[in-house]
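J.: Here is what each chain is made of, one letter per residue.
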Amino acid sequence: MKLTLKVWRQKNATAAGRFESYEANDVSPDMSLLELLDVVNEQLVNKGEEPVAFDHDCREGICGACSMVINGHAHGSDRGTTTCQVHMRRFTNGDTVVLEPWRAKPFPLVRDLMVDRSSFDRIIASGGFVSVNTGGAPDANALPIGKVDADHAFDAAACIGCGACVAACKNASAMLFVAAKVGHLASLPQGQPERDARAVNMIMTMDREGFGACTNTYDCEAACPKEISVDFIGALNRDYRKALSSTR
Amino acid sequence: MKLDARIPSGPLAQKWSSFKGSMKLVNPANKRKYRIIVVGTGLAGASAAASLAELGYQVDAFCFQDSPRRAHSIAAQGGINAAKNYPNDGDSVWRLFYDTVKGGDFRAREANVHRLAEVSTAIIDQCVAQGVPFAREYGGLLDNRSFGGAQVSRTFYARGQTGQQLLLGAYSALERQVGLGKVKMHARTEMLDVVVDNGRAVGIVVRDLTTGVISTHAGDAVVLGTGGYSNVFFLSTNAKGCNVTATWRAHKRGAGFANPCYTQIHPTCIPASGDHQSKLTLMSESLRNDGRVWVPQTKGDVRRPDQIPEAERDYYLERRYPSFGNLAPRDISSRAAKLVCDSGLGVGPGGRGVYLDLADAIKRLGHKTIEERYGNLLAMYGKITDENSYEVPMRIYPAPHYTMGGLWVDYSLMSTVPGLFVIGEANFSDHGANRLGASALMQGLADGYFVLPPTLSDWLAQAGPSSASTGTAAFTTTVQQVNEHTNKMLAVKGHRSPELLHRELGNIMWNKCGMGRTAAGLQEAMREIKDLRGRFWQELRVTGDGACMNTQLEHAGRLADFLEFAELMCRDALEREESCGGHFREEYQTEEGEAQRNDKDFCHAAVWEHRGANQPALRHREELTFDNVHLATRSYK
Amino acid sequence: MIRLGDGLRSSIGTKFLMAVSGVLLLGFVVAHMLGNLQLFLGHEALDSYAQKIQDMGALLWVARAGLFTLLVLHVGSALKLTRQNRAARPIPYGVHKPFQSSYASRTMVMSGVIVLAFVLYHLLHFTFGAVDAESYALAHAGAGLQVHAMVVHAFQQPIVALSYMLAMALLSLHIAHGVGSLFQTLGLNTQRTRCAATRLGKGVGAVVFLGNVSMPLAVLAGWVGGN
Chain A
347 MKLTLKVWRQ
357 KNATAAGRFE
367 SYEANDVSPD
377 MSLLELLDVV
387 NEQLVNKGEE
397 PVAFDHDCRE
407 GICGACSMVI
417 NGHAHGSDRG
427 TTTCQVHMRR
437 FTNGDTVVLE
447 PWRAKPFPLV
457 RDLMVDRSSF
467 DRIIASGGFV
477 SVNTGGAPDA
487 NALPIGKVDA
497 DHAFDAAACI
507 GCGACVAACK
517 NASAMLFVAA
527 KVGHLASLPQ
537 GQPERDARAV
547 NMIMTMDREG
557 FGACTNTYDC
567 EAACPKEISV
577 DFIGALNRDY
587 RKALSSTR
Chain B
12 MKLDARIPSG
22 PLAQKWSSFK
32 GSMKLVNPAN
42 KRKYRIIVVG
52 TGLAGASAAA
62 SLAELGYQVD
72 AFCFQDSPRR
82 AHSIAAQGGI
92 NAAKNYPNDG
102 DSVWRLFYDT
112 VKGGDFRARE
122 ANVHRLAEVS
132 TAIIDQCVAQ
142 GVPFAREYGG
152 LLDNRSFGGA
162 QVSRTFYARG
172 QTGQQLLLGA
182 YSALERQVGL
192 GKVKMHARTE
202 MLDVVVDNGR
212 AVGIVVRDLT
222 TGVISTHAGD
232 AVVLGTGGYS
242 NVFFLSTNAK
252 GCNVTATWRA
262 HKRGAGFANP
272 CYTQIHPTCI
282 PASGDHQSKL
292 TLMSESLRND
302 GRVWVPQTKG
312 DVRRPDQIPE
322 AERDYYLERR
332 YPSFGNLAPR
342 DISSRAAKLV
352 CDSGLGVGPG
362 GRGVYLDLAD
372 AIKRLGHKTI
382 EERYGNLLAM
392 YGKITDENSY
402 EVPMRIYPAP
412 HYTMGGLWVD
422 YSLMSTVPGL
432 FVIGEANFSD
442 HGANRLGASA
452 LMQGLADGYF
462 VLPPTLSDWL
472 AQAGPSSAST
482 GTAAFTTTVQ
492 QVNEHTNKML
502 AVKGHRSPEL
512 LHRELGNIMW
522 NKCGMGRTAA
532 GLQEAMREIK
542 DLRGRFWQEL
552 RVTGDGACMN
562 TQLEHAGRLA
572 DFLEFAELMC
582 RDALEREESC
592 GGHFREEYQT
602 EEGEAQRNDK
612 DFCHAAVWEH
622 RGANQPALRH
632 REELTFDNVH
642 LATRSYK
Chain C
2 MIRLGDGLRS
12 SIGTKFLMAV
22 SGVLLLGFVV
32 AHMLGNLQLF
42 LGHEALDSYA
52 QKIQDMGALL
62 WVARAGLFTL
72 LVLHVGSALK
82 LTRQNRAARP
92 IPYGVHKPFQ
102 SSYASRTMVM
112 SGVIVLAFVL
122 YHLLHFTFGA
132 VDAESYALAH
142 AGAGLQVHAM
152 VVHAFQQPIV
162 ALSYMLAMAL
172 LSLHIAHGVG
182 SLFQTLGLNT
192 QRTRCAATRL
202 GKGVGAVVFL
212 GNVSMPLAVL
222 AGWVGGN
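So the protein lines, in turn, are chains A, B and C.
First residue of the first sequence: 347, per the numbering used here; consecutive thereafter.
First residue of the second sequence: 12, per the numbering used here; consecutive thereafter.
First residue of the third sequence: 2, per the numbering used here; consecutive thereafter.
Keep in mind that a hint or two might mislead.
25 Å max Cα-Cα, derived SDA-like pairs, lysine to any residue [to be verified]:
hint: 1; chain 1: A; residue 1: LYS357; chain 2: B; residue 2: ASP219
hint: 2; chain 1: B; residue 1: LYS504; chain 2: A; residue 2: GLN356
hint: 3; chain 1: A; residue 1: LYS588; chain 2: A; residue 2: GLY492
hint: 4; chain 1: B; residue 1: LYS44; chain 2: B; residue 2: ALA484
hint: 5; chain 1: C; residue 1: LYS98; chain 2: C; residue 2: VAL114
hint: 6; chain 1: A; residue 1: LYS451; chain 2: B; residue 2: CYS559
hint: 7; chain 1: B; residue 1: LYS31; chain 2: B; residue 2: SER20
hint: 8; chain 1: A; residue 1: LYS352; chain 2: B; residue 2: GLY555
hint: 9; chain 1: A; residue 1: LYS352; chain 2: A; residue 2: LYS516
hint: 10; chain 1: C; residue 1: LYS81; chain 2: C; residue 2: ASP7
hint: 11; chain 1: A; residue 1: LYS393; chain 2: B; residue 2: CYS559
hint: 12; chain 1: B; residue 1: LYS394; chain 2: A; residue 2: ASP497
hint: 13; chain 1: B; residue 1: LYS648; chain 2: B; residue 2: THR601
hint: 14; chain 1: B; residue 1: LYS195; chain 2: A; residue 2: ALA543
hint: 15; chain 1: B; residue 1: LYS611; chain 2: B; residue 2: GLU597
hint: 16; chain 1: B; residue 1: LYS394; chain 2: B; residue 2: ARG314
hint: 17; chain 1: C; residue 1: LYS203; chain 2: A; residue 2: SER575
hint: 18; chain 1: B; residue 1: LYS193; chain 2: A; residue 2: GLU555
hint: 19; chain 1: B; residue 1: LYS13; chain 2: B; residue 2: ARG622
hint: 20; chain 1: B; residue 1: LYS193; chain 2: B; residue 2: SER423
hint: 21; chain 1: A; residue 1: LYS493; chain 2: B; residue 2: ARG156
hint: 22; chain 1: A; residue 1: LYS588; chain 2: A; residue 2: GLN538
hint: 23; chain 1: B; residue 1: LYS379; chain 2: A; residue 2: GLU573
hint: 24; chain 1: B; residue 1: LYS193; chain 2: A; residue 2: GLN536
hint: 25; chain 1: A; residue 1: LYS357; chain 2: C; residue 2: PRO93
hint: 26; chain 1: B; residue 1: LYS541; chain 2: B; residue 2: ALA502
hint: 27; chain 1: A; residue 1: LYS451; chain 2: C; residue 2: ARG107
hint: 28; chain 1: B; residue 1: LYS263; chain 2: B; residue 2: ALA484
hint: 29; chain 1: A; residue 1: LYS393; chain 2: B; residue 2: ASP556
hint: 30; chain 1: A; residue 1: LYS352; chain 2: A; residue 2: LEU390
hint: 31; chain 1: A; residue 1: LYS588; chain 2: C; residue 2: CYS196
hint: 32; chain 1: C; residue 1: LYS98; chain 2: C; residue 2: CYS196
hint: 33; chain 1: B; residue 1: LYS195; chain 2: A; residue 2: GLY481
To be clear, the hints were calculated from the coordinates, so they are not data collected in a lab.
Whole structure, please, built from the sequences with the hints as guidance.
T.: This is the structure in structure tokens:
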């Protein structure tokens with residue numbers, strides 16, 4: 347089939363950006379969107395033009411590198427999908443596919459469809475961990491954790507840090523990302539000693555990085571490739587409230 | 012090149028404790044005066060960087076990804092082994108050690124493997140303490156499953172995303188140290204060379220991928236945890252960015268490269284769907300616990316799989332390896348799949364595929380149980396192929412997945428360049444000629460959390476701080492060479508993209524240095540690689556310049572190193588005149604088509620010394636002695 | 002640990018203030034509506050109810066001050082969060098489509114601003130008589146408040162009735178999302194209650210809408226105050 351791509355091109359963070367249109371012929375329905383971009387890039391290189399820069403790595407939906415708003419939807423309109431898992435069979439001959447980078451102040455643009463998500467790392471560095479040094483951990487089975495709690499923790503821990511929640515949110519809020527990490531550790535006994543501080547510190551960092559506030563529209567949940575529930579946001583709010591009420 | 016593995020004396024089971032008991036220590040107050048450079052932030056790199064910083068060292072960590080959390084360890088699905096013996100099925104450190112040595116076809120160093128088995132249990136404790144959500148039973152204790160070629164259940168897992176959860180644990184430990192100011196993280200920064208001064212590794216040269224700026228970093232030791240080189244095949248299960256650059260450049264600076272021909276071809280990957288294919292996706296081999304592998308018995312059978320009656324199917328793994336059946340180790344299963352496809356029985360496009368069928372398991376256990384066990388894998392398969400594998404058997408085919416070869420290291424994980432340490436997949440040490448399932452995560456974390464911190468301290472205590480600063484001649488010369496190399500690539504201005512040239516290299520390697528290798532094929536491959544390398548320097552086209560984000564330039568640089576490395580890989584395969592593990596020389600097989608080892612001549616690690624562009628590399632040997640296990644023919648029948 | 006003041010200044014803290022002030026304002030909206038619904042009981046009921054409120058004296062001013070404070074908190078936190086949200090995405094998307102968010106949730110600022118404007122208009126209309134002075138005059142024509150007459154006269158003008166109805170539609174939209182959302186914001190939701198909270202929001206929104214719209218509608222249709 348034949349598709350038209352409208353791709354955001356911008357040389358670096360400070361340059362002016364614009365949409366450019368590219369035609370792609372002989373698109374196989376089995377191609378992934380990233381493979382389609384590979385083909386388009388090959389055409390561009392052949393013409394001596396610079397190819398479209400985009401983040402990608404594992405191409406199997408787990409590394410969290412790929413990050414495009416596809417026709418207005420972060421990672422495309424399907425649920426539970428990353429950009430690299432969008433296959434061309436989802437489109438029909440003659441379609442136009444609009445590709446844009448994540449847009450948020452804390453995700454400054456690097457080039458074309460690539461953004462800098464190091465703000466997420468800084469949020470984790472401010473509290474997204476259990477403070478245990480290597481060595482000296484008790485036997486792994488010393489602390490039984492019910493399967494339900496372990497599964498619940500996993501549901502949150504599945505976050506791949508791609509930033510789709512921010513990209514999809516009309517406020518560019520990172521609440522689902524923060525809630526996932528806080529929720530993961532709050533569901534486990536290991537996370538209890540630092541539970542209050544973790545919620546507070548991560549929220550403070552999130553604000554400082556310039557993310558928007560949550561207005562409970564829940565688009566993040568639908569965009570999340572790991573389908574992390576906004577229930578974790580409710581739980582984060584609860585943890586934060588409890589942390590505040592326990593202040594002395 | 013002198014190869015001294017420096018294995019502690021004494022009985023096997025006491026070597027590691029005797030090393031720790033007699034190691035030299037760095038005074039706690041002095042630790043912060045040492046700067047350690049860690050390249051790569053996968054399981055090995057992240058856990059090492061975090062653990063070293065916890066000890067008090069100043070750490071600079073580097074990764075080419077936009078965040079340390081994206082290193083390719085994240086994609087590991089199946090699990091991590093540990094000799095906990097929680098299921099009470101007879102496991103022990105000894106058994107894990109023995110299985111790993113045997114699984115590696117007796118081509119690994121006994122002492123290292125035993126140490127790996129010893130520390131395996133502490134890894135699980137550490138990860139649980141970090142909050143890694145391993146699978147649990149209803150009673151709240153950790154769940155185990157059996158995995159790829161093991162007859163005990165010693166594999167800990169977190170759904171089909173064990174690598175992700177372990178990496179996020181290590182990443183969170185790393186970020187904690189970043190927050191404390193003990194680790195300085197340099198993301199989107201690619202190492203382009205090691206700086207060696209007076210025979211000691213003293214720093215690295217890196218390129219900031221966002222700005223293109225080349226800079227240098229000095230340290231008292233350099234640690235490479237930069238993963239494997241499966242992307243030499245172009246199509247592999249590795250992430251697109253995985254590359255050999257760091258280890259290859261280190262090799263060119265004096266680090267011996269061991270057993271480059273040992274590559275693991277994973278049996279259960281989704282077959283390529285066309286020429287556009289950019290990478291291959293692994294389906295966890297845990298599927299083989301319940302799935303049965305088969306092909307039609309007659310060539311050219313075009314019936315739908317469910318229309319082919321039981322009697323006309325060949326469950327070839329169960330037939331050939333009755334005691335292990337579908338759980339035969341990876342090298343064996345891969346080769347068996349290649350064999351049936353080569354004989355024309357393969358299914359799917361191009362006949363490059365075999366069925367992995369869950370129908371019996373669904374009948375036996377019910378749809379729900381299968382969905383619980385493998386739901387996410389089957390969903391992933393469905394996304395890629397648009398097929399419902401609850402109804403139609405999956406098609407799988409082997410694909411390059413892991414590389415057991417790597418930079419040679421001694422017992423302390425130090426390469427032949429003093430001060431240059433190599434951990435995880437990047438080194439050669441623990442898996443021999445074949446890696447068992449769920450052992451890669453174990454090795455990466457063992458190296459990073461538990462082995463490197465003491466061994467590196469021991470070395471630093473003896474070697475003392477490095478006096479080199481980034482202003483010295485060693486640094487400026489290395490930077491100059493890096494710049495020349497970059498400019499040379501930009502100056503070719505040919506007509507072919509790095510991607511196309513890389514695909515060509517991949518074809519050569521897959522066809523001639525893949526699952527089956529012959530002397531003639533390898534010699535041909537070496538000629539073709541040389542020719543392709545020549546063409547690379549005439550036909551390469553890198554658009555743009557070096558002073559900004561330039562993905563073409565990155566790819567070209569990695570490919571240039573692959574093109575040099577590939578030849579060494581073929582040569583190593585050529586000179587290893589035996590079949591062992593993932594290295595299958597068609598000339599050396601039993602009458603039944605099984606690998607035929609030659610312990611008399613090849614019970615050694617081949618370590619290559621670089622001697623400049625104009626001289627072939629020199630092959631050294633580290634003889635492998637097996638004092639504790641009996642060299643047996645590996646049989647899974 | 003964190004100081005309470007700092008904690009309330011964060012985005013979540015600000016949302017706590019917004020949620021708490023919002024739910025109290027909702028209490029007023031509902032009470033106000035219930036009082037006004039006495040319109041249907043005839044002019045004596047409504048007029049004496051109005052008179053009672055008028056006679057509260059100082060207490061009335063305390064209530065008014067309280068309401069005003071709540072409004073300031075609610076609007077102030079909205080302003081702060083909206084500015085933060087706008088700043089978080091300086092460059093808009095070329096194409097951006099919602100996945101599952103409701104229209105109400107995406108338009109809280111718009112509905113909020115219009116409702117605020119309506120509140121001002123409503124005060125100028127029925128409290129200060131600065132607009133539609135003719136209706137206002139009716140209320141103060143004799144001894145005791147004649148609110149019933151005022152309201153009927155006002156809503157007999159289609160433009161006034163329609164603008165009240167439109168404002169109530171937006172208020173209800175605002176409340177629908179606000180109520181559904183406040184349980185989430187205050188961390189009162191669990192997996193089980195979130196859908197219930199969303200439904201409750203829609204329900205409260207619908208009640209507020211129907212209750213308030215019934216009055217202008219009834220007058221306009223001639224069911225109340227007709228000849």
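J.: Look at each hint and say if it fits the structure.
T.: Against the structure, the hints come out as follows:
no.: 1; hint: A/LYS357 to B/ASP219; verdict: 16 Å, holds
no.: 2; hint: B/LYS504 to A/GLN356; verdict: 23 Å, holds
no.: 3; hint: A/LYS588 to A/GLY492; verdict: 24 Å, holds
no.: 4; hint: B/LYS44 to B/ALA484; verdict: 23 Å, holds
no.: 5; hint: C/LYS98 to C/VAL114; verdict: 23 Å, holds
no.: 6; hint: A/LYS451 to B/CYS559; verdict: 21 Å, holds
no.: 7; hint: B/LYS31 to B/SER20; verdict: 13 Å, holds
no.: 8; hint: A/LYS352 to B/GLY555; verdict: 21 Å, holds
no.: 9; hint: A/LYS352 to A/LYS516; verdict: 22 Å, holds
no.: 10; hint: C/LYS81 to C/ASP7; verdict: 15 Å, holds
no.: 11; hint: A/LYS393 to B/CYS559; verdict: 20 Å, holds
no.: 12; hint: B/LYS394 to A/ASP497; verdict: 24 Å, holds
no.: 13; hint: B/LYS648 to B/THR601; verdict: 14 Å, holds
no.: 14; hint: B/LYS195 to A/ALA543; verdict: 23 Å, holds
no.: 15; hint: B/LYS611 to B/GLU597; verdict: 19 Å, holds
no.: 16; hint: B/LYS394 to B/ARG314; verdict: 24 Å, holds
no.: 17; hint: C/LYS203 to A/SER575; verdict: 21 Å, holds
no.: 18; hint: B/LYS193 to A/GLU555; verdict: 21 Å, holds
no.: 19; hint: B/LYS13 to B/ARG622; verdict: 14 Å, holds
no.: 20; hint: B/LYS193 to B/SER423; verdict: 24 Å, holds
no.: 21; hint: A/LYS493 to B/ARG156; verdict: 16 Å, holds
no.: 22; hint: A/LYS588 to A/GLN538; verdict: 13 Å, holds
no.: 23; hint: B/LYS379 to A/GLU573; verdict: 20 Å, holds
no.: 24; hint: B/LYS193 to A/GLN536; verdict: 23 Å, holds
no.: 25; hint: A/LYS357 to C/PRO93; verdict: 18 Å, holds
no.: 26; hint: B/LYS541 to B/ALA502; verdict: 20 Å, holds
no.: 27; hint: A/LYS451 to C/ARG107; verdict: 20 Å, holds
no.: 28; hint: B/LYS263 to B/ALA484; verdict: 18 Å, holds
no.: 29; hint: A/LYS393 to B/ASP556; verdict: 16 Å, holds
no.: 30; hint: A/LYS352 to A/LEU390; verdict: 14 Å, holds
no.: 31; hint: A/LYS588 to C/CYS196; verdict: 23 Å, holds
no.: 32; hint: C/LYS98 to C/CYS196; verdict: 23 Å, holds
no.: 33; hint: B/LYS195 to A/GLY481; verdict: 22 Å, holds
The structure is consistent with each of the numbered hints, conforming to all of them.
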